Each structure stands twice: as C-alpha cells, then as structure tokens.
Amino acid sequence: MENLFELFIAASLINNFVFTRYLGLCIFFGVTKKMETAVGMSVTFTAVMVISAALSWIVYKTIMIPLSLQFLEIVVFIGIVAGFVQAADTIMRKMSPGLYYKLGIYLALITTNCIILAVPLINAGERYTFIQSLVFGLGSGIGFSLALVIMASIREKLELANVPKSFQGLPISFIATGLIALAFLGFSGLITL
Amino acid sequence: MNNTKGYWRLIKNGIFAENPIFRVALSLCPAVAVTSGVKNGFLMGIAVLFVQTMVNVTVSIVRKFIHPKVRIPAYMFIIATWVTVSDLSLAAFAWDIYKQMGLYIKLIVAFAIILSRAELFASKNKVTPSFFDGLGMGIGFLLALIIISFFRELLGKGSLWGFQFTEAKPLLIMVLPTGGFFAVGILMGLFNWIDIKFFGGGGASGGGH
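Sequence lines, in order, name chains G and E. Heads up, the first sequence is in the working numbering, so the first residue is 1 and it goes up one at a time. Heads up, the second sequence is in the working numbering, so the first residue is 194 and it goes up one at a time.
I should point out that these hints are in silico values taken from the structure, not numbers from a laboratory. Keep in mind it's a predicted model, so treat the numbers as computed, not measured. The beta carbon of each residue, even a glycine, is placed where N, CA and C say it ideally should be. Please note that the accuracy of each hint is not assured.
To be verified - Below are the SDA-like pairs computed for lysine to any residue, each with C-alpha atoms no more than 20 Å apart in a straight line:
id : chain 1 : residue 1 : chain 2 : residue 2
1  : G       : Lys-61    : G       : Gln-132
2  : G       : Lys-61    : G       : Phe-71
3  : E       : Lys-262   : G       : Ser-166
4  : G       : Lys-33    : G       : Gln-132
5  : E       : Lys-262   : G       : Lys-157
6  : E       : Lys-205   : E       : Ile-340
7  : G       : Lys-157   : G       : Ile-142
8  : E       : Lys-205   : E       : Lys-350
9  : E       : Lys-390   : G       : Leu-182
10 : E       : Lys-292   : G       : Gln-70
11 : E       : Lys-262   : G       : Gly-79
12 : G       : Lys-165   : E       : Val-255
13 : G       : Lys-33    : G       : Ala-176
14 : G       : Lys-165   : E       : Lys-232
15 : E       : Lys-292   : G       : Ala-176
16 : E       : Lys-390   : G       : Arg-155
17 : E       : Lys-292   : G       : Leu-72
18 : G       : Lys-34    : G       : Glu-126
19 : E       : Lys-292   : G       : Lys-33
20 : E       : Lys-350   : G       : Arg-155
21 : E       : Lys-262   : G       : Leu-107
22 : E       : Lys-292   : G       : Phe-71
23 : E       : Lys-292   : G       : Lys-34
24 : E       : Lys-292   : G       : Glu-156
25 : G       : Lys-165   : E       : Phe-392
26 : E       : Lys-262   : G       : Asp-89
27 : G       : Lys-94    : G       : Val-76
28 : G       : Lys-33    : G       : Ala-124
29 : G       : Lys-165   : E       : Leu-336
30 : G       : Lys-165   : E       : Asp-388
31 : G       : Lys-165   : G       : Arg-155
32 : E       : Lys-292   : G       : Ser-166
33 : G       : Lys-165   : E       : Trp-386
34 : E       : Lys-232   : E       : Ser-282
Said to hold, decoys possible - A few chain E positions that, by computed beta-carbon distances, are all more than 12 Å from chain G:
id : residue
35 : Ile-204
36 : Ile-208
37 : Phe-215
38 : Leu-221
39 : Asp-280
40 : Tyr-297
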C-alpha cells in the first residue's frame, strides 16, 4: 500500500510527464489557451490513460510474453490505444450524446499522443504488476491534468501581458513552462525511490 | 518536379521554410527531451530522418492500394513498423545512448510531423519526390536538434560531443529539465526576430500541435 502511494506521488509530481519527462508538449501547448478546454482535456486524458494502461497490461502479460513477442510492443500498444479510443468514441456517441458533445473532440486528438503511448511502454519496461500499472496510469493522468490547469491559468494572464513581438505565442509559453518546471524540481527530494 | 532543382527545393523547404521545430512547431517533445548533449540530439535526429524518409517512401508506394477511409490507421502501422526497426537497430549498435533515450526513440511513433508529412505529401506524390521531402524534413529536424543541443551542452556542461574543453560551467541550469524549455523558447523567439527583422515575415509560429 505504501509503495503504491509512493508510486502515485512519483508519477504525478516528481516525474511529472510534462515538466520532467517532457512528453505531451504538443497537446500541452495546444489546449492550454483556455481553461475550459484544459479541464475537458484533463478529464478525458486521465480516463483514457488508466483504461489503456489496464488493457495493454492484460494483452502484454497474457499474449505477448507467452509468445515472446515483446519486440512488437510499439505496434501492438498503438493498435490497442487507437482501437480503444475509436470504440469509446462510438459508444459515447450512442450512449450519452451530451458527454460526447463535451469531450468528443478531445478523444479524436488523443489517439496518437505520446503520453498515452508512454504509459503502457513504461509499464512494460518497469515490469509493473496490474495494480501498479493502474496506479501509475492514474498518477500520470493527475500529474498531466495539474500541468494543464496551471498552464492554462498562466496563459490566460499572459494574454494581457505586453510581450515583445518576436516572443509572442509559443516562445513565451515555453519560457513560462521552464519556470514552472523549475518549481517542480523542488519535488524531486520528496521521496527517494 | 522531375529535375534536380525541384528536389533541392523540397529539401530546402524542410530545412528553412517549414522547419519542423522552429517554424511549424510540431514534435516539440524530443526537441526538449533529448537535447542535453549534442551526441543524443544527433542520434535522435538521425533516427527521425531515417523513419521519416522510409515512411514517406512506403506510404507513397502503397498509396494506391489503401482505401481512403482506413488510411490513418494504415499509416500508423507503417510508422510503427519503421520505428520498431530503428528502435531495435539502435539497441543493437548504440546501447550506451539507447539506455538514456530508449523511451523517446519508441515514441517517434507518435510524432505529429511524421504522420502529417505522410498525409500531406507522400499520399499524393510519386516515390522520388516523397523520398526527398522526407529527407528535407528529416534534415531540418536534425539541424534543429543539433542547434538546441549545441547551446545546451556548451552552456551547461562546458563540453561538446562529450569532449570536455573547459572546466567552467556557466549555466548549469541548461542541462537540467528546465533548461530545455528555456533554450527552445529563446531560440524560437530568435528565429521569429530574424524573420521579422530581415525578411519582413509575420513571425508567427505554428499552432503547437
């Protein structure tokens, strides 16, 4: 239990996907212009992350290891994630159009995102158990959501700031991200794994 | 476009006009992640160059057999196959570096730039132009990674290509996680500034996807 908690903290704060592993930057800079989209994206992301971590763990343990097909992990994981996202898209459209209307557009963007793919790959590489994989997926999702919300609130303020012309848009966002990453560096001493 | 001039223009397009990192702002993750040293940046750039060229050629060859409705999944599997090839080759030939950046090599599969070139260019053009387009994009990517990692390694470690030529470490922060963001942000701003100042461009960088 204690280990799981440590894993959760490590995945969400210490090894935060955006600030210390530098993954998912495309989405990170794409959706943080408005708080509303950032929140919608966070919810969708966390859910997809946990479920795809579980699915890939099952496929990896029950099919790929017995047949020693580990070298195909990239192809298989991307197939699983893409298939699952497509299925979720179809099911949501039929079952709850209201939710689909809110979160559907984010689903389409997720399919080939590096973070979603990184979670199964890291799980497989670290040989996590099923529960550990789930906790890692959840921690990573929460960590990513945190990053999105922080960044969205900063960028809303940044809109009003007087930035030099050549730094407007992405460059200044990068520098702001660097400053947040510096703050997140402080978490690194929190737990020694 | 069946002369050398046309091919040269395709390559130049990838390096300057549509440089994947500084101009189009696609595939930013590796630009920050693996550029703490020139050697890593170079190797990553070579891997992307290889994958981009091979994917463009493959997509261009099979473009007539793929039904338009399933093209994106088909492209994904083509990309995943070539990434697996480069992943396994790097693990075999450059194990030391692979240990540090193995995860990022695997994640080439999710780079927006590769899929977008396959969709926008290779699926509509013959094999040879697609090859040169892939080559140009790959070289543009490689150069951008080398520029970023050059500054980061020089300022952060006082070395280049792992070769230590000064004891001074003027800005240790540049090799830390945060340094990558600063370096990319400042270089992007610099590129925009040059564009506005000398070429009269709008200086707008891409949407950031």
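Quick rundown of the hints versus the structure:
Distance check on the hinted pair: G/Lys-61 and G/Gln-132 sit about 14 Å apart at the alpha-carbon level, within 20 Å; holds. For a cut-off of 20 Å, the pair hint linking G/Lys-61 to G/Phe-71 stands: about 14 Å separates their Cα positions. Using a Cα cut-off of 20 Å, the hinted pair E/Lys-262 and G/Ser-166 is violated, with the two alpha carbons roughly 41 Å apart. Our distance criterion of 20 Å between C-alpha atoms is broken by G/Lys-33 and G/Gln-132, whose separation comes to about 33 Å.
The hinted pair formed by E/Lys-262 and G/Lys-157 fails the criterion: a straight-line CA distance of about 42 Å is larger than 20 Å. Pair hint E/Lys-205 plus E/Ile-340 holds up; C-alpha atoms about 17 Å apart against a cutoff of 20 Å. For the given pair, G/Lys-157 sits about 23 Å from G/Ile-142 by alpha-carbon distance, which is inconsistent with the 20 Å threshold. At most 20 Å may separate the alpha-carbon atoms for a hinted pair to count; E/Lys-205 and E/Lys-350 exceed this at roughly 32 Å.
With a C-alpha separation of about 32 Å, the suggested pairing of E/Lys-390 with G/Leu-182 is violated against the 20 Å cut-off. Between E/Lys-292 and G/Gln-70 the CA atoms are separated by roughly 17 Å; this keeps the pair inside 20 Å, and the hint holds. Straight-line distance between C-alpha atoms of E/Lys-262 and G/Gly-79 comes to about 17 Å, which keeps the hinted pair within the 20 Å bound. Restraint check: the Cα-Cα separation between G/Lys-165 and E/Val-255 comes to about 44 Å, which exceeds 20 Å; the hinted pair is violated.
Under the criterion of a C-alpha separation no larger than 20 Å, the hint pairing G/Lys-33 with G/Ala-176 is consistent with the structure, at around 13 Å. At most 20 Å may separate the alpha-carbon atoms for a hinted pair to count; G/Lys-165 and E/Lys-232 exceed this at roughly 33 Å. Our distance criterion of 20 Å between C-alpha atoms is broken by E/Lys-292 and G/Ala-176, whose separation comes to about 30 Å. A distance of roughly 26 Å separates the Cα atoms of E/Lys-390 and G/Arg-155; the hinted pair therefore is violated under the 20 Å criterion.
Proposed proximity of E/Lys-292 and G/Leu-72 is supported: the alpha carbons are some 18 Å apart, at most 20 Å. Proximity of G/Lys-34 to G/Glu-126 is assessed by CA-CA distance (about 36 Å); at most 20 Å being required, the pair is judged violated. Proximity of E/Lys-292 to G/Lys-33 is assessed by CA-CA distance (about 36 Å); at most 20 Å being required, the pair is judged violated. Simply put, E/Lys-350 and G/Arg-155 have alpha-carbon atoms about 32 Å apart, too far for the 20 Å limit, and the pair is violated.
At roughly 18 Å between alpha-carbon atoms, E/Lys-262 and G/Leu-107 fall within 20 Å of each other, so this suggested pair holds. With a CA separation close to 16 Å, the supplied pair E/Lys-292 and G/Phe-71 stays within the 20 Å bound. Between E/Lys-292 and G/Lys-34 the alpha-carbon distance is near 38 Å, which puts this suggested pair outside the 20 Å criterion. Of the supplied pair hints, the one linking E/Lys-292 and G/Glu-156 is violated, its CA atoms being roughly 39 Å apart against a limit of 20 Å.
A distance of roughly 15 Å separates the Cα atoms of G/Lys-165 and E/Phe-392; the hinted pair therefore holds under the 20 Å criterion. A hinted pair counts as satisfied when its Cα atoms are at most 20 Å apart, and E/Lys-262 with G/Asp-89 qualifies at roughly 16 Å. This hinted pair does not check out: G/Lys-94 and G/Val-76 have alpha carbons roughly 27 Å apart, beyond 20 Å. For the proposed pair G/Lys-33 and G/Ala-124, the alpha carbon gap of about 34 Å is over 20 Å, so the pair is violated.
Simply put, G/Lys-165 and E/Leu-336 have alpha-carbon atoms about 25 Å apart, too far for the 20 Å limit, and the pair is violated. A distance of roughly 11 Å separates the Cα atoms of G/Lys-165 and E/Asp-388; the hinted pair therefore holds under the 20 Å criterion. For the proposed pair G/Lys-165 and G/Arg-155, the alpha carbon gap of about 16 Å is at most 20 Å, so the pair holds. Our distance criterion of 20 Å between C-alpha atoms is broken by E/Lys-292 and G/Ser-166, whose separation comes to about 37 Å.
Restraint check for G/Lys-165 and E/Trp-386: satisfied, since their Cα atoms lie roughly 8 Å apart, inside the 20 Å limit. With a C-alpha separation of about 17 Å, the suggested pairing of E/Lys-232 with E/Ser-282 holds against the 20 Å cut-off. At the 12 Å boundary, the C-beta of E/Ile-204 stays outside the reach of chain G, the nearest C-beta of that chain being 25 Å off. Distance check on E/Ile-208: its Cβ is at least 20 Å (rounded) from any Cβ of chain G, clearing the 12 Å threshold; non-interface status holds.
The beta carbon of E/Phe-215 sits about 10 Å from the closest Cβ of chain G, which is not more than 12 Å, so the claim that it is off the interface is violated. A cut-off of 12 Å between C-beta atoms contradicts the statement that E/Leu-221 is not in contact with chain G; the least separation is 4 Å. Distance check for E/Asp-280 against chain G: the nearest CB is about 7 Å away, which does not clear 12 Å, and the non-interface claim fails. Not every Cβ of chain G is farther than 12 Å from the Cβ of E/Tyr-297; the closest lies at roughly 9 Å, contradicting the non-interface assignment.
Of the numbered hints given earlier, the model fails hints 3, 4, 5, 7, 8, 9, 12, 14, 15, 16, 18, 19, 20, 23, 24, 27, 28, 29, 32, 37, 38, 39 and 40; all others are met.
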